[in-house]
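Make one complex out of these two single chains by using the hints.
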Amino acid sequence: MTAFAQPTPTLNPSPKDGGMAELAQAFWEQALRWQTEGAKHVSESFEIELGQTPRDLIWTLNKAALYRYRPSRPASARHATPILLVYALINRPTIFDLRPGQSFVEFLRDAGFDVYLLDWGIPGPEDNDISLWEYTFEYLPRAVRKVLGASGAGKINMLGYCQGGLMALAYAAMFSEAPLRNLVVLTTPVDFSKTENDIFAVWLDKRYFDVDKLMDTLKCMPEGLILHGSKMLKPVENYLTTYKVLNDKMGSADAVQAWQALNRWTHEGQDLPGQVFRDWVKDLIWDNKLARGEVTWKGRAASLKNITVPVLNVLAEKDHIVPFANAASLKDLVGSADVRTEVIAGGHVGIMGGRAAKTRLWPAIVKWLEERSL
Amino acid sequence: MSDATPETEAAESLKKMQGIWLDGWSKMLGEGVQTPEYGKMMGQWMETWMSTGGSVRQQLEQTTEQYLEQMSLPSRKELSSVAKRITNLEMKLDDLDAKMDQVVAYIGAMSQAMQASLSTPANTSAPAAPSDRSAEKKRKPRAKK
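Those protein sequences? They're chains A and B, same order as listed.
Start counting the first sequence at 1; every next residue gets the next number (the numbering used here).
Start counting the second sequence at 1001; every next residue gets the next number (the numbering used here).
Hints in this document: simulated from the structure, not taken from any laboratory.
Just so you know, not all the hints are guaranteed correct.
Simulated pairs of lysine to any residue, SDA-like, Cα-Cα distance not exceeding 20 angstroms [what the hints assert, rightly or not]:
1. A/LYS282 to A/LYS358
2. A/LYS213 to A/ARG278
3. B/LYS1084 to A/ARG142
4. B/LYS1027 to A/PHE324
5. A/LYS194 to A/ASP283
6. A/LYS231 to B/TYR1038
7. B/LYS1027 to A/MET232
8. A/LYS231 to B/GLN1115
9. A/LYS358 to A/GLN52
10. B/LYS1092 to A/ALA64
11. A/LYS219 to A/LYS358
12. A/LYS289 to A/SER176
13. A/LYS244 to B/LYS1084
14. A/LYS231 to B/LYS1027
15. A/LYS219 to B/GLU1047
16. A/LYS234 to A/GLY269
17. A/LYS206 to A/LYS282
18. A/LYS219 to B/MET1046
19. A/LYS155 to A/GLU177
Predicted model, so just to flag it, every value in this text is computed and none were measured.
Same shape as in the complex, but just chain B (with noise of 0.2 angstroms):
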């Protein structure tokens, strides 16, 4: 820029210090998380975490159960249980949904079907006059069967 002044070019330079910093920093972390040594150590951390904290959590839990059972309240396990149920009931509701859009769909093509072999020989006959209502006497009790 030609109007650069010392200043501007010193908050540049400060800026590009910046950059610099966090790109080293980024790029000694990001190869530092992807050494086998850290897998091992995170492993290594939740292992102790799970056997200590976790198995805290475990009995908790179930003296959790055991109260509940004791007050006759249902637990979250069973009310997970009949949550289940009510998703299978629905996937039953679902497939029932596209049983029944077949069958909508075949009693439509088949009720198609049968317009046009009914609509076929009202075509191959001379077509009636609006006047003609001898033809339509004739065709009226047929169609009331």
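Looking at chain A on its own, in the form it has when it is part of the complex (with noise of 0.2 angstroms):
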């Protein structure tokens, strides 16, 4: 790993000494040097890969995939209850396992969970139709199983992320007898009447925002479109600062990767099916469904009371994404008696990925599991 110093702040030498004409020399080779090194270390960056924990395909269904990440730690010192992780149908997965060293996989992993990923995959044309509910309620479970045959474990702990943590809410209110052991979500949005700092309430208002004139002309939310909609949350901060971070964090090869996972990561998005997107919007922006107890599959409603397993719900801080009081109130909705409210600092995606986590979120997370996980 290479370090150097800014240019700025070591100036020599001063005018005193030796002149403007030196101190200008001595500024510009310094400041050639820093963004001829921090160069190498941005396009050395490239070649980051992300999500290279080891792991192995247990099982697929259409796109989606389940994966078992292979143990550090032999079976005798692993928890019994393994984990799954469900991210969002926005974005890769990847986020869990950004790369060595900054891999809330891997810190699982080493902290003896046996962790399995749900990734629901690159959705096609063919797969517009396919509803919010459908994925919930017809694949989910389905994974569920999968992870109970492949552990021989009676029941699992199970981890949502944002949309991600939606489902896992909605599956667990769907199923009062799914063998859930914890459920852990992270930033996520649950009582949408709460729109207070809500910017997509204010952009998705049903008085202006047509969704299905949209998405019968489009047939899916396409993932620029996405891109540049989160990126328009905070304009100036994601398409101005990001980069003022990065020149400042140039000096080092290990900062300037660990950025460069986070901004891959950011931009590996993928098309939104058509129906998840109109039943983001109608079911839940609008009509709040999943909190009234109003989401119904097969005949069967999916009301949160059912949820009396033992449930952390982590907030960001500066969460744009999701607001605050929508997802803080969860714990007035559920039927358990264990629900613990944890707020980290930083953003949305920063509590997750960014260089913090390892300090933050991710030990959080495992101690609540760990005094339950046994």
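In structure tokens form, the structure reads like this:
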């Protein structure tokens, strides 16, 4: 790892010692070195590969795939209850496994968990009619069954992130008999009636936004629109400040790689099936059906009161995507007596993929799970 | 810092100014995109786009489909339909797999129960000595049945 100082704080000689010409020369030499070395770090960082933790494919359905990460501890030193990670249908689940040393999967595995990941896959035009609820109530239970079969355990821990958290909640709300031991949800929207600071509620206001017409035209929500939409939530930070941050980090190869890993994940998007987007807007943002117990599938209704297992609800202090009040409502909606709300410093993505994750979010989750997974 | 010089102070001030400038823009634009006016403007822009570019796109799709039909080639819609049928089959296979697992588990449990019930009389009777061939002879025909 190479590290060197930024040019500005070490300007030498000063004008008193050698005059302006020498000062300028020293400054430019150092700035040139900074940019040259920094550019080298940046160009090297393009070689980063996301999702490197060794794993085995154990099940597929359509584009969805279930992976089991190879454990780093012998069976006798592992927790009895496996953990299933469920990410959103937007973006790739590699946020859980960015790169060695910056990987939640690696952290869980080294803490003795048997880790499984449900990757929804990259949907094609043929998947545009699959609803959010079909993914939740048809795909997810099958994946859970496979985890039980592969691990030999009687119950699992489930961890959902963002939209994946909502799907995990809906699954647990629909199937009160689900083999869950604990449920962890991260930055998960649940009560869409709490619209304070909710920019999406403004943008997707039914008075101005015709979701059916848009999906009839586009068939799906293209990844470019999703990316631009999420960047426009904080335009200056996402289009300008992020590159200033990179410039400030250019002296350290490791810091540049960490930045690049997160940046690559941000830009590795995928189209969202049209029906999923319709369900998200109409059933959740407009009608708040999950919180109201009105989500139904094959004649059954999903009631959050059915969730009686311990729940860890993690909120990001500076979440600009999921409003705080929306996510924090969970404790009043579930039937569980053991609900803990944990607020972690950072943003919606930063709490999981940022460099502070390994000292803030990840240990908090592991500690909570370890107390309940024996 | 004790070794701060006028130059480093100037550079730090410059950095601070840059931060203030970015924060100012961030606050202004951040607040701007949260207003109902912005939401309304986006809705109107989309409406305009859908009634112009969107309809052209739909017409193009229709024409392509007609062309493919005349050329006896499968359209995207038809291929999607085949893909959906494959997924449905995958689900049915998955359900069968689940039922098979149940059957295997049931047979395993039954087999264990039978073994336990068969071993119970042997345990209650006096243990046969290895040299007791008469006892083995008596048991063998029963085992063959």
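>> So if I understand the rule, the pair passes when the alpha-carbon distance is 20 angstroms or less; does A/LYS194 with A/ASP283 pass?
In response: 15 angstroms, holds
> Taking only the CA atoms, is the gap from A/LYS231 to B/LYS1027 under or equal to 20 angstroms?
Replying inline: 15 angstroms, holds
> Can the restraint linking A/LYS219 and B/GLU1047 be considered satisfied, given a maximum Cα separation of 20 angstroms?
Replying inline: Answer holds: A/LYS219 to B/GLU1047 is near 16 angstroms, not above 20 angstroms.
>> For A/LYS289 and A/SER176, compute the direct alpha-carbon distance and say whether it is at most 20 angstroms.
In response: Roughly 18 angstroms between the alpha carbons, so the hint for A/LYS289 and A/SER176 holds.
> Given the hint that B/LYS1084 pairs with A/ARG142, does the C-alpha gap stay at or below 20 angstroms?
Replying inline: 18 angstroms, holds
>> With the threshold set at 20 angstroms, check whether the alpha-carbon distance from A/LYS282 to A/LYS358 stays at or below it.
In response: 37 angstroms, violated
> Under the criterion that the straight-line Cα-Cα distance not exceed 20 angstroms, is the pair A/LYS358, A/GLN52 satisfied?
Replying inline: Holds: A/LYS358 and A/GLN52 sit about 17 angstroms apart, inside 20 angstroms.
> Taking only the CA atoms, is the gap from A/LYS231 to B/GLN1115 under or equal to 20 angstroms?
Replying inline: Since the Cα atoms of A/LYS231 and B/GLN1115 sit roughly 65 angstroms apart, the hinted pair is violated (cutoff 20 angstroms).
>> Run the distance test for B/LYS1027 versus A/PHE324: straight-line Cα separation, threshold 20 angstroms.
In response: 19 angstroms, holds
>> Tell me if the straight-line CA distance from A/LYS231 to B/TYR1038 falls inside 20 angstroms.
In response: This hinted pair holds, its Cα atoms lying about 15 angstroms apart.
> Within 20 angstroms, alpha carbon to alpha carbon, are A/LYS244 and B/LYS1084?
Replying inline: 46 angstroms, violated
> Does A/MET232 lie within 20 angstroms of B/LYS1027 when you go C-alpha to C-alpha?
Replying inline: 13 angstroms, holds
Hint compliance for this structure: hints 1, 8, 11 and 13 are broken, all remaining hints hold.
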